[in-house]
Amino acid sequence: MSGQPKSDIIAPLQFLRGIAACAVVVEHLLNRYERRGTALAGLPDLLWHLGETGVFTFFAISGFIMVHIARRKVPERDRKAAGWQFVCDRFTRIAPLYYLSMILYVAFSYATLGVSTNAGFRFPGVAEWVHSFLFLPYVQPDGLIQPIYRLGWTLQYEVFFYALFAIGMVLGARRGMAFVFVTLFALVTIGLWIAAPARPFGFAVLAYACTRPVLLYFAIGMGVSLLRQTLAARLTIAPAGLLSAVALLLVVVAATKWVPGLQMLAIGAALIVVTMVRTNADRSLWFERLSLALGNASYAIYLTHSFLLGAFAAVTTRFVSGQPALLLPAFLIACIGSAVAGWLVWRFVEYPLTVRLRGRPLAAPMTVAP
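Residue numbering for the sequence shown is 13 to 382, as defined by our numbering.
One or more hints might be untrue.
Using C-beta positions, here's what the derived DEER-type ranges look like [said to hold, decoys possible]:
#, residue 1, residue 2, range
1, Ala53, Lys92, 54 to 60 Å
2, Arg246, Ile206, 41 to 47 Å
3, Ile179, Arg224, 17 to 23 Å
4, Val226, Leu55, 21 to 27 Å
5, Ile179, Leu239, 21 to 27 Å
6, Arg186, Arg134, 45 to 51 Å
7, Pro341, Ala210, 45 to 51 Å
These aren't lab readings, by the way, just hints derived from the structure by calculation. A virtual CB, placed ideally from N, CA and C, is assigned to each residue, including glycine.
With the hints as constraints, model all of the structure from the sequences given.
As structure tokens, then:
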């Protein structure tokens with residue numbers, strides 16, 4: 013499966029993708045417990061911020077990876093073809109599993125209506141289906157800008173970033189990177205004067221959604237990737253496990269949100285830690301394999317964990333209610349179970365489907381950050 017040289021695989025970065033996915037799993041499990049009336053008083057606030065921290069980490073990793081792969085794939089000649097190929101590759105990478113997950117979610121929610129905690133489910137209308145399939149934002153009745161399958165809101169930002177990046181590829185390396193950076197910062201600045209949309213559909217929703225500060229995480233990832241390219245010959249060697257442990261600590265610090273801006277700074281620092289140092293692959297082969305498995309499975313973990321957590325919460329809620337000490341093993345079991353399920357979905361559904369659609373083998377690790 014792997015066509016990449018070992019030197020091009022950054023194992024701690026792939027491990028960070030796994031950390032980000034597990035952070036989302038933990039917060040969503042807490043949400044399931046909360047819906048079931050589980051006693052969760054006294055938990056640290058950071059646990060309720062792990063989900064968004066994981067997603068923002070994904071965005072930063074996505075910015076890094078797009079620059080990382082573009083330097084190997086963008087010829088100075090025929091840049092338009094390269095940009096179009098980039099769009100096609102990104103679409104075949106994220107759309108199939110997302111579409112399958114969305115359809116499965118609707119079918120499952122409809123089948124279990126009145127039996128589970130999804131009492132508020134309603135069958136989506138035509139406009140919602142169209143917007144969700146086209147990755148276009150719209151406002152749900154509860155006021156959140158999310159598609160039918162709620163987890164897909166992150167993919168709307170990913171697709172928007174991919175579109176900007178594809179335009180940048182057409183413009184060439186230097187001008188293209190400058191274009192993406194300037195556009196991201198300009199959009200966030202403009203967003204300071206854009207009010208929340210009053211209607212569920214329309215350009216106002218797109219304008220509001222695509223000018224949020226979360227776009228800056230893509231820029232952070234791009235900046236770290238460019239810095240790594242500049243310093244590539246001077247990177248020192250450090251243990252992969254140590255780098256990943258420090259990155260995990262920084263993700264936890266980011267989730268504390270102690271002061272304004274700390275979340276963004278800590279996520280950027282975590283990305284720097286796992287990418288600005290080289291690892292000795294011969295001494296950490298097992299860790300590299302584990303990291304690649306997590307990295308490959310991270311997208312599937314993100315999209316499929318929701319199907320597992322409902323049943324898991326139903327079984328375990330009586331044990332953890334009022335027993336905060338039992339939450340840690342519950343988190344670990346949920347993360348391991350979601351990771352195993354995600355890897356199986358990647359290996360037997362996502363990977364074969366993507367290969368079939370592209371008509372060629374894929375390099376590993378598969379590069380996307382939902």
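Against the structure, the hints come out as follows:
no., hint, result
1, Ala53 with Lys92: 54 to 60 Å, "58 Å, holds"
2, Arg246 with Ile206: 41 to 47 Å, "42 Å, holds"
3, Ile179 with Arg224: 17 to 23 Å, "20 Å, holds"
4, Val226 with Leu55: 21 to 27 Å, "25 Å, holds"
5, Ile179 with Leu239: 21 to 27 Å, "23 Å, holds"
6, Arg186 with Arg134: 45 to 51 Å, "49 Å, holds"
7, Pro341 with Ala210: 45 to 51 Å, "46 Å, holds"
When held up to the earlier numbered hints, the structure conflicts with none and fits them all.
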